[in-house]
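*Asks:* Here are the chains, one letter per residue:
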Amino acid sequence: MTNEQSELTGIVPSKLHKVLLAIAVPMTLVAMYLVFIWTPIERMMGPVQKIFYFHVASAWNAFFAFFIVFVFSLLYLFTKKRSYDLIAGVSGEIGVIFTAIVLTTGPIWARSAWNTWWTWEPRLTTTLILLFMYIAYIMIRNLDMEWQKRARLAAVFGIIGFANVPIVYMSIRWWESNLHPVVMSEGESAGGGLEPSMLFTLIFSVFTLMLIYFILLQKGLYVEKLKLQVKKMKAKEQEKMIS
Amino acid sequence: MKHLFAPAMAIARKDLYAEWKTKQTITTMLIFSGLVIVTFSFAFDPSNQAVSALVPGMIWVITIFSGILGLNRSFTQEKQNDHLHGLMVAPVDPSAIYLGKCLANLIFVLLVQIISVPLLFLLFDFQVISGVGLIYFVMIVFLGTFGFIAVGTLLAALATHSKSSEMLLPILLFPLVTPVVIAAVQATRIVLVDQEGVSAALSWMQLMAAYDVIFFVVGFLLFEHVLEV
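Chains as they are written, first to last, in UniProt numbering: chain A, 1 to 243; chain B, 1 to 229.
Simulated from the structure, these hints should not be mistaken for laboratory data. Some hints could be false.
[To be verified] Listed below are the simulated SDA-like cross-link pairs for lysine to any residue, each with C-alpha atoms no more than 20 Å apart in a straight line:
no. : chain 1 : residue 1 : chain 2 : residue 2
1   : B       : K163      : A       : K219
2   : B       : K79       : A       : L143
3   : A       : K149      : B       : K163
4   : B       : K79       : A       : E146
5   : A       : K149      : B       : F220
6   : A       : K149      : B       : E166
7   : A       : K149      : B       : L111
8   : A       : K149      : B       : E224
9   : A       : K149      : B       : T76
10  : B       : K163      : A       : Q148
11  : A       : K149      : B       : H225
12  : A       : K81       : A       : W147
13  : B       : K163      : A       : R150
14  : A       : K149      : B       : A18
15  : A       : K80       : B       : H225
16  : A       : K149      : B       : D82
17  : A       : K80       : B       : E224
18  : A       : K149      : B       : K79
19  : A       : K149      : B       : V89
20  : A       : K149      : B       : S162
21  : B       : K163      : A       : M139
22  : A       : K149      : B       : E228
23  : A       : K149      : B       : L87
24  : A       : K219      : A       : E93
25  : B       : K163      : A       : I135
26  : A       : K149      : B       : P94
27  : B       : K163      : A       : E146
28  : B       : K163      : A       : I138
29  : B       : K79       : A       : D144
30  : A       : K80       : B       : L221
31  : A       : K81       : B       : E228
32  : A       : K149      : B       : V218
33  : A       : K149      : B       : S164
34  : A       : K81       : B       : E224
35  : B       : K163      : A       : L143
36  : A       : K149      : B       : M88
37  : A       : K80       : B       : E228
38  : A       : K18       : A       : L226
This is chain A alone, in the form it adopts within the complex:
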């Protein structure tokens, strides 16, 4: 019994995780303060524009997460190390969460800014396709087979999925410009004319969410490792009962 317990407690949340968490809590509070109190209210859109800081920050971090999936999928195919596969998988899940945040905050903002919930604009459509693609990625990861095989299949999909993103974006932009020559320029792309305080807040919230991404990544890896450990212990226990 004591032996098993020590095995389980052998995996503890690393010190890095605690440090990151200790930084993240005040940083999130500061980000909240900056977003809701410090930055001026936008003249045209009013308080709704506050959603922009989380919307854009989640979008950037979603892309970052999918980039990590791509990098670690490639690394996995070359080295076949299990930890790379785990990182790619956890990162894909977090990326889907961030994409879901983007796709829920987006329509709320769009409703008041553009007076419509949804337009088939390149960035929106690409994000939606991205969501579907990485849900498919998670589905591959949940297939019932040996981990080496599953990891390889997921890595292949992670690579071709990421390679597809720029092509999807380009093709939808062409498609859109054929239908409506006027491309919507308000909203996210207005970064050039952004108030300095707003820009600072945006960058700050991007980094805050990136920190949260790393915390979630660490936590996810920790959970995955615990799962492996439990599986090992179960197998050992079964062996004991048979013999």
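Put chain B on the given structure of chain A with help from the hints.
*Replies:* Only chain B this time, still in chain A's reference frame:
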């Protein structure tokens, strides 16, 4: 080069010959595309003049939905009697298997298109194009179908490892083929409906060609990882 093409040809010939003997997949794909056309006729009134604007989209819906059926069969049929393991241990480059499977699938889908697209034109009373437009149309159909098959063959091989591969394949495939579907539908619309601005169709065709090359090369390189035991 020969070590790649000879096995690829052998695999393609094997698939085509097996199909010639049973005619199972092609028949299913043809009946299915006929049913899709019938469903379209209920969904969009064929006597309405404005419906002709929808025909380019219909061509690609037929291609993709019937293509999925063929792609599903392509590797699941190899699971019987462990043919898949036979292919894996065969002393050939895995890329040759990809090449052969691609070729066979492409021929299946093109055969279905040769029958179902004229049928669609006929049933929806669509005015038939002629001359240069026809050549462009054939090229667009070929480029679009090739891109779809290049990705589809790779993902079909990936999905066969799952127990529910028929359900998994469309979910994997549709998001990935969006660029080629958009490009193919737009180019077909320009050639069939607008009949002007061929240069715009050419730029869509360039996009499709780029997509075809990228994903054919990617499939070629990654196929060995998909097939490995």
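*Asks:* So, for every hint listed, does it hold in this structure?
*Replies:* For each hint, the structure was consulted:
1. For a cut-off of 20 Å, the pair hint linking B/K163 to A/K219 is broken: about 31 Å separates their Cα positions.
2. Using a Cα cut-off of 20 Å, the hinted pair B/K79 and A/L143 holds, with the two alpha carbons roughly 17 Å apart.
3. A C-alpha spacing of about 14 Å is found between A/K149 and B/K163, which places the hinted pair at or below 20 Å, so the restraint holds.
4. Among the hinted pairs, B/K79 with A/E146 is consistent with the structure: their alpha-carbon atoms are about 18 Å apart, no more than 20 Å.
5. Taken as a hint, the A/K149 and B/F220 pair is honoured in the structure, with Cα atoms around 19 Å apart against an allowance of 20 Å.
6. Taking the CA atoms of A/K149 and B/E166, the gap is about 19 Å. The hint holds against a cut of 20 Å.
7. For the given pair, A/K149 sits about 34 Å from B/L111 by alpha-carbon distance, which is inconsistent with the 20 Å threshold.
8. Pair hint A/K149 plus B/E224 holds up; C-alpha atoms about 12 Å apart against a cutoff of 20 Å.
9. Between A/K149 and B/T76 the CA atoms are separated by roughly 17 Å; this keeps the pair inside 20 Å, and the hint holds.
10. This hinted pair checks out: B/K163 and A/Q148 have alpha carbons roughly 17 Å apart, not beyond 20 Å.
11. A threshold of 20 Å between alpha carbons decides the hint, and for A/K149 with B/H225 the separation of about 9 Å falls inside it, so the pair holds.
12. The straight-line distance between the Cα atoms of A/K81 and A/W147 is roughly 11 Å, inside the 20 Å bound, and the hint therefore holds.
13. The hinted pair formed by B/K163 and A/R150 meets the criterion: a straight-line CA distance of about 13 Å does not exceed 20 Å.
14. A distance of roughly 29 Å separates the Cα atoms of A/K149 and B/A18; the hinted pair therefore is violated under the 20 Å criterion.
15. Distance check on the hinted pair: A/K80 and B/H225 sit about 11 Å apart at the alpha-carbon level, within 20 Å; holds.
16. Pair hint A/K149 plus B/D82 holds up; C-alpha atoms about 17 Å apart against a cutoff of 20 Å.
17. Annotation: proposed proximity of A/K80 to B/E224 holds, straight-line Cα distance about 14 Å (limit 20 Å).
18. Proximity of A/K149 to B/K79 is assessed by CA-CA distance (about 16 Å); at most 20 Å being required, the pair is judged to hold.
19. Restraint check: the Cα-Cα separation between A/K149 and B/V89 comes to about 16 Å, which is no more than 20 Å; the hinted pair holds.
20. Of the supplied pair hints, the one linking A/K149 and B/S162 holds, its CA atoms being roughly 11 Å apart against a limit of 20 Å.
21. Taking the CA atoms of B/K163 and A/M139, the gap is about 13 Å. The hint holds against a cut of 20 Å.
22. Between A/K149 and B/E228 the CA atoms are separated by roughly 8 Å; this keeps the pair inside 20 Å, and the hint holds.
23. Proximity of A/K149 to B/L87 is assessed by CA-CA distance (about 17 Å); at most 20 Å being required, the pair is judged to hold.
24. Of the supplied pair hints, the one linking A/K219 and A/E93 holds, its CA atoms being roughly 12 Å apart against a limit of 20 Å.
25. A distance of roughly 18 Å separates the Cα atoms of B/K163 and A/I135; the hinted pair therefore holds under the 20 Å criterion.
26. Taking the CA atoms of A/K149 and B/P94, the gap is about 16 Å. The hint holds against a cut of 20 Å.
27. This hinted pair checks out: B/K163 and A/E146 have alpha carbons roughly 13 Å apart, not beyond 20 Å.
28. Taking the CA atoms of B/K163 and A/I138, the gap is near 16 Å; set against the 20 Å cutoff, the hint holds.
29. Between the alpha carbons of B/K79 and A/D144 the distance comes to roughly 17 Å, so the proposed pair stays at or under 20 Å and holds.
30. Under the criterion of a C-alpha separation no larger than 20 Å, the hint pairing A/K80 with B/L221 is consistent with the structure, at around 17 Å.
31. Of the supplied pair hints, the one linking A/K81 and B/E228 holds, its CA atoms being roughly 16 Å apart against a limit of 20 Å.
32. For the suggested pair A/K149 and B/V218, the alpha carbons sit about 19 Å apart, so the restraint of at most 20 Å is met.
33. Pair hint A/K149 plus B/S164 holds up; C-alpha atoms about 16 Å apart against a cutoff of 20 Å.
34. As the CA atoms of A/K81 and B/E224 are separated by approximately 18 Å, the hinted pair is consistent with the 20 Å bound.
35. Among the hinted pairs, B/K163 with A/L143 is consistent with the structure: their alpha-carbon atoms are about 8 Å apart, no more than 20 Å.
36. Straight-line distance between C-alpha atoms of A/K149 and B/M88 comes to about 14 Å, which keeps the hinted pair within the 20 Å bound.
37. For the given pair, A/K80 sits about 13 Å from B/E228 by alpha-carbon distance, which is consistent with the 20 Å threshold.
38. Of the pairs offered as hints, the one joining A/K18 and A/L226 holds, with about 18 Å between alpha carbons and a cut-off of 20 Å not exceeded.
Checked against the numbered hints above, the structure violates hints 1, 7, 14; every other hint is satisfied.
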